[in-house]
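Here the protein sequences line up with chains Z and E, keeping their order.
Take 1 as the starting number for the first sequence in my numbering and just add one per residue.
Take 226 as the starting number for the second sequence in my numbering and just add one per residue.
None of these hints come from the bench; they were simulated from the model.
Idealized CB from N, CA, C, for every residue including glycine.
Check the hints yourself; a few may be wrong.
[Unchecked claim] Beyond 12 angstroms from chain Z on every Cβ pair, some chain E residues (computed): (1) 240; (2) 248; (3) 453.
[Unchecked claim] Which residues of chain E face chain Z? A partial, calculated answer using Cβ under 10 angstroms: (4) 308; (5) 415; (6) 416; (7) 417; (8) 437; (9) 456.
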Amino acid sequence: MIDNFNRYVLANSGLLLNGVAVTATICALAFALAVVLGLIACLVRLYVPLLRPAALAYIEFCRATPIFVQLLWVNYVWPELFGFPRTTEGAAVIALAMQSSGYLAETFRSGIEGLHRGQFEAGLAVGMSRAQIMRRIVGPQVVLVMAPAIVNQMAVVVKSSTLVAIIAVPDLMYQAMGIANKWFEPIEVLTTAAVLYFLIIFSISTAAEKIANHFRRKFGLTSAH
Amino acid sequence: MLAQLQQSLDPALFWEYRITLLHGLAVNLLIFLIAAILAAILAFAIGVARLSRTAPIRLAAVGYTEAFRNTPELVLIVWAYYVLPLLVSRALDTRFELSPWLASVLALGFAYSGFMSETVRTGLLSVPRGHVEAGQSLGMSRWTILRRIVVPQAVRHMLPEALSQFVSLFKATSIVSFVAVPDIMYQISMINDQEMRPLPLYTGAALLYCAVVITASQMIQHLSDRWRRRGWA
Numbered sequence: 001m002i003d004n005f006n007r008y009v010l011a012n013s014g015l016l017l018n019g020v021a022v023t024a025t026i027c028a029l030a031f032a033l034a035v036v037l038g039l040i041a042c043l044v045r046l047y048v049p050l051l052r053p054a055a056l057a058y059i060e061f062c063r064a065t066p067i068f069v070q071l072l073w074v075n076y077v078w079p080e081l082f083g084f085p086r087t088t089e090g091a092a093v094i095a096l097a098m099q100s101s102g103y104l105a106e107t108f109r110s111g112i113e114g115l116h117r118g119q120f121e122a123g124l125a126v127g128m129s130r131a132q133i134m135r136r137i138v139g140p141q142v143v144l145v146m147a148p149a150i151v152n153q154m155a156v157v158v159k160s161s162t163l164v165a166i167i168a169v170p171d172l173m174y175q176a177m178g179i180a181n182k183w184f185e186p187i188e189v190l191t192t193a194a195v196l197y198f199l200i201i202f203s204i205s206t207a208a209e210k211i212a213n214h215f216r217r218k219f220g221l222t223s224a225h
Numbered sequence: 226m227l228a229q230l231q232q233s234l235d236p237a238l239f240w241e242y243r244i245t246l247l248h249g250l251a252v253n254l255l256i257f258l259i260a261a262i263l264a265a266i267l268a269f270a271i272g273v274a275r276l277s278r279t280a281p282i283r284l285a286a287v288g289y290t291e292a293f294r295n296t297p298e299l300v301l302i303v304w305a306y307y308v309l310p311l312l313v314s315r316a317l318d319t320r321f322e323l324s325p326w327l328a329s330v331l332a333l334g335f336a337y338s339g340f341m342s343e344t345v346r347t348g349l350l351s352v353p354r355g356h357v358e359a360g361q362s363l364g365m366s367r368w369t370i371l372r373r374i375v376v377p378q379a380v381r382h383m384l385p386e387a388l389s390q391f392v393s394l395f396k397a398t399s400i401v402s403f404v405a406v407p408d409i410m411y412q413i414s415m416i417n418d419q420e421m422r423p424l425p426l427y428t429g430a431a432l433l434y435c436a437v438v439i440t441a442s443q444m445i446q447h448l449s450d451r452w453r454r455r456g457w458a
């Protein structure tokens, strides 16, 4: 098995590392977009009563549909419907961002609603505008409380990114399966891919736990689940 | 764009292929049920092992939970379908094969047992310590305490969280079409190959999953609220 490992994994390490790079890029872009979309959806839901049903529908849709279904939907339907995304990578980023934005919107909402109302009222009493209150009082406190959940969601994005191999995005899963199907020796390559994914996601989850413990010990904050 | 939006919300194609799609949905539900039972059984075993006094058992349970929580489900399914039969064949020196749906059931069951073992552990720890001590003072063995005092109460505490994990498991069964299990997404892509009309098909699939999951989540929320009000959970 060792020389199989050398022959199929180490020899193709360039391909596999390319896959890791594509996975990392897609996950980073998708997560950044998800934070923006989730923030918008959450703020619209909480503070814009007119568009509240639309925001609720968006959040429920993003949370209720599985990531696989969303991925295929964005990839095959959106180009005809909206004209974008034009590449499979773009579809992957948009679909992953949509899925996570639903959960992040809920996380933001629970964080903001978990904050004591007195903080908000103190800001109003001093004469701050609503935007100023969000930015200077609510924001800094809530970010610390929500940080573990947000970092956890990063791990979920990486786990879901394995599915983009179905639309032929050359991520780690796609490259590993390509090598396995080409040489008919799946054991070493797929196990290596599994271990690589485990290491990436485990480090993200451990970072989330350490952040949570650090903030709990330093500021006495617990998560607002 | 309005014409295309109208086309994508058109249910005629779904109705025309309703039998095929129902077959796909049935496969999804079957995989979900068996994987859920497997996950529940394993989660119980691992959750109890996590609270064991013997360090090796406890650490093994922690390792199990971390391994299965931090590995993507698709990677587990692909590994179970391609690699596991080869390893078992080499170990037993015979030819071993796993059908795609069995590999998916095993992989999803083990993956979600990782998540649910945390739920089980939290549930077991939520039983007040006084009850355990009362059992100990009566001379019950650890196992008897677990079986007759802790578990009946813990199950009620675990139920809301476990039910939402099951909903997640149902959503995860959508990925089994990757290894050619004839589930609903597979049927939809087959129909798409035939009819070349992705707009209503994929939009319909998304709305179908939306409807099922939102209904299930609302029911679970409603039930959990009712249980909590009655003091059961």
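Each hint tested on the structure:
For residue 240(E), the condition that its CB be more than 12 angstroms from all CB atoms of chain Z holds, with the nearest at approximately 19 angstroms. The claim that residue 248(E) lies off the interface holds: its Cβ sits roughly 18 angstroms from the closest Cβ of chain Z, which is beyond the 12 angstroms cut-off. Remark: the non-interface label on residue 453(E) is consistent with the geometry, its nearest Cβ contact in chain Z lying 16 angstroms away (cut-off 12 angstroms). Residue-level restraint check for residue 308(E) holds (minimum Cβ-Cβ distance to chain Z is 5 angstroms; threshold 10 angstroms).
Because the beta carbon of residue 415(E) sits about 13 angstroms from the nearest beta carbon in chain Z, more than 10 angstroms, this interface hint is broken. Hint status for residue 416(E) relative to chain Z: violated, with the closest Cβ pair at about 13 angstroms, above 10 angstroms. Because the closest C-beta pair between residue 417(E) and chain Z is about 8 angstroms apart, less than 10 angstroms, the hint holds. About 8 angstroms separates the beta-carbon of residue 437(E) from the nearest beta-carbon of chain Z, less than 10 angstroms, and the hint is met.
Restraint check, residue 456(E) versus chain Z: the minimum CB separation of about 22 angstroms is more than 10 angstroms; hint violated.
Hint check: violations occur at hints 5, 6 and 9; the rest are consistent with the structure.
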